[in-house]
Amino acid sequence: MIRSITQQKPMEEIEHLLEGMDRIFVIGCGTCTTLTRTGGVEQVAAMAEDLSARGKVLTGTTVVPVACDNLAADILSEFGARMNQADALLVMSCAYGVQTMASQLGQMVVPAQNTLFIGKENAAGQFNEICTQCGTCVIGETGGICPVTTCHKGLVNGPCGGTNNGKCEIDSNKDCAWTMIYNRLKELDRLDSMRTYKKPRNHLGEPGPGKFLIPAE
Amino acid sequence: MPSAFKKALDSGKFVVTSEVAPSKGTNLEKMAHHVELLKDKVDAMNVTDHQSSVMRFPSLGGALLVKENGGEPILQMTCRDRNRLALQADLMFAASRGINNVLCLTGDSVMLGDHKEAKAVFDLDSSQLVAAVRTMERGKDMAGNELDGAVKFCAGAIVTPEANPIEPQLIKFEKKIEAGAEFIQTQAVYDLDNFKKFMDYARQFDAKILAGVILLTSAGMARFMNKNVAGVMVPQNLIDEMAAAPKGGALKKGIEIAGRMIAQIKEEQICDGVHIMAIGKEEVVPDIMSAAGLL
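Protein chains in written order, with our numbering: chain A, 5 to 221; chain B, 290 to 584.
Treat the hints with care, as some may be off.
The calculated lysine-lysine pairs, modelled on DSS-like cross-linking and capped at a C-alpha distance of 25 Å, are [said to hold, decoys possible]:
(1) K203(A) to K302(B)
(2) K541(B) to K202(A)
(3) K328(B) to K296(B)
(4) K356(B) to K302(B)
(5) K486(B) to K330(B)
(6) K313(B) to K356(B)
(7) K555(B) to K328(B)
(8) K190(A) to K202(A)
(9) K570(B) to K328(B)
(10) K215(A) to K124(A)
(11) K405(B) to K190(A)
(12) K408(B) to K178(A)
(13) K485(B) to K542(B)
(14) K486(B) to K516(B)
(15) K203(A) to K441(B)
(16) K171(A) to K516(B)
(17) K13(A) to K542(B)
(18) K178(A) to K516(B)
(19) K541(B) to K328(B)
(20) K570(B) to K536(B)
(21) K202(A) to K171(A)
(22) K171(A) to K356(B)
(23) K405(B) to K13(A)
(24) K408(B) to K202(A)
(25) K441(B) to K202(A)
(26) K405(B) to K171(A)
Honestly, the hints are just simulated from the structure, not real lab data. Since the structure is predicted, the reported quantities are computational estimates derived from the model, not experimental observations.
Could you build all of it, start to finish, from the sequences and the hints given here?
Here is the structure:
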């Protein structure tokens, strides 16, 4: 299952974002940030404690089941009075949840997280970004491994000169996408696919911001 | 008209190229000094493009400086900082000013340099940049529009003969040649027996190959490269030789080793020439060439 992967902002940054706002209501998310332990019940409680210690008044806390669901506002309605007393809502979901709250609640909303990527859990507690939703999928030619995402430089014609021992130029803990693709294609006896010159990528898959409407039947 | 560098490559002579690194700032005296020192000794000078992703005077400006001072520039272009519009524009500008050699590179990650938070581009890769040069030589831009005046380049690329694993690198190498690379400057090679094996393979392609020679300046620098520079492998015997140099004599030893390697490459006709990288020590390139018996 894919998840929105987040990392809590440094407390100094959160404090800066909350400057001049003394009364805070903290909202967590029961889905992605619970799974990544950045915005579940425990982290919300810890944040409330930390903010209290920094002199903030906590008007309340809660963890909604799915912060990016349009129903989140309805669910939060039971906290109406306590939320209204707050100068700001500190949201410990990913940016999808933060923006859903911002558009529905009519209150100052502050994110507690940086949203890193949409990732897949490959092992317990380990998430990897394997697709960046570029809109022009090339993995039919690369053995099902996305070079646009998995290669740090998004190269489509093979590795750069920075790869070393099958690892990436920027991090010896990251696998080189093109070593992986080479190995996969070799296994499948499809190396010709890697030998074929790929034209420059089409970056016009879906001009940002992406928008999609199911056609009327 | 072919560039002077292209003529040198086609002449069958042992070709020597070197590097000049643009300055950090607008004071170009040091670069001009290196150009003056090298212009009559080497066949061409590569002008690096924000090498290691460190922001510097542009390679295009550096190549102009080489040209204006009577040298033969090889414009290094990476795909890190410019999209296809900017790359094509710079190619036209270069061609219009008599810069007719280009080395097409992917470019290091911005994370390795001094502006780590910059947005990296990589709209094209090195093989696509070579192909773009060839397209523009036919009087068209990458979108298929007519150019009012085409470009003309001797275009090259690089390869890392010591990469591990080597096969993916060789596939990319072949794509670069297929895209139109006429010359290849290699990453530094130190183990010439290994390099000969690479050349046994590379000879089948219609591209001139210049072996990369990086000047060793100390045993520590050699160990540092082994640990940190992808595809560079300095054998232990050379590290020992550097370490055994008398105090203050490491540079001299490095010059001797580089000269010896170049002499062997030429003597045994291992490849078509050498590309000397004396990183930060450009003023000793003539000494290296003397040690190799080239001057």
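Hint-by-hint comparison with the structure:
1. K203(A) to K302(B): Violated. K203(A) to K302(B) sits at ~35 Å, over the 25 Å cutoff.
2. K541(B) to K202(A): Violated, at roughly 46 Å.
3. K328(B) to K296(B): 16 Å, holds
4. K356(B) to K302(B): 22 Å, holds
5. K486(B) to K330(B): Given pair K486(B), K330(B) is violated - Cα atoms ~30 Å apart, limit 25 Å.
6. K313(B) to K356(B): 20 Å, holds
7. K555(B) to K328(B): Given that 25 Å is the threshold and the Cα spacing comes to 21 Å, the pair holds.
8. K190(A) to K202(A): 18 Å, holds
9. K570(B) to K328(B): 16 Å, holds
10. K215(A) to K124(A): 23 Å, holds
11. K405(B) to K190(A): Distance ~35 Å between K405(B) and K190(A) Cα, so the pair is violated.
12. K408(B) to K178(A): It holds: about 20 Å lies between the C-alpha atoms, which stays within 25 Å.
13. K485(B) to K542(B): OK: K485(B) and K542(B) at ~24 Å, within 25 Å.
14. K486(B) to K516(B): 23 Å, holds
15. K203(A) to K441(B): Within the cut-off at roughly 21 Å; holds.
16. K171(A) to K516(B): Holds, because 13 Å separates the two Cα atoms, which is no more than 25 Å.
17. K13(A) to K542(B): 51 Å, violated
18. K178(A) to K516(B): This hinted pair holds, its Cα atoms lying about 17 Å apart.
19. K541(B) to K328(B): Answer holds: K541(B) to K328(B) is near 23 Å, not above 25 Å.
20. K570(B) to K536(B): Roughly 18 Å separates the two Cα atoms, so the pair holds.
21. K202(A) to K171(A): Distance of about 23 Å is within 25 Å: holds.
22. K171(A) to K356(B): Cα-Cα ~39 Å, so violated.
23. K405(B) to K13(A): 19 Å, holds
24. K408(B) to K202(A): 23 Å, holds
25. K441(B) to K202(A): Holds: K441(B) and K202(A) sit about 23 Å apart, inside 25 Å.
26. K405(B) to K171(A): Holds, because 20 Å separates the two Cα atoms, which is no more than 25 Å.
Consistency note: the structure conflicts with the earlier hints numbered 1, 2, 5, 11, 17 and 22.
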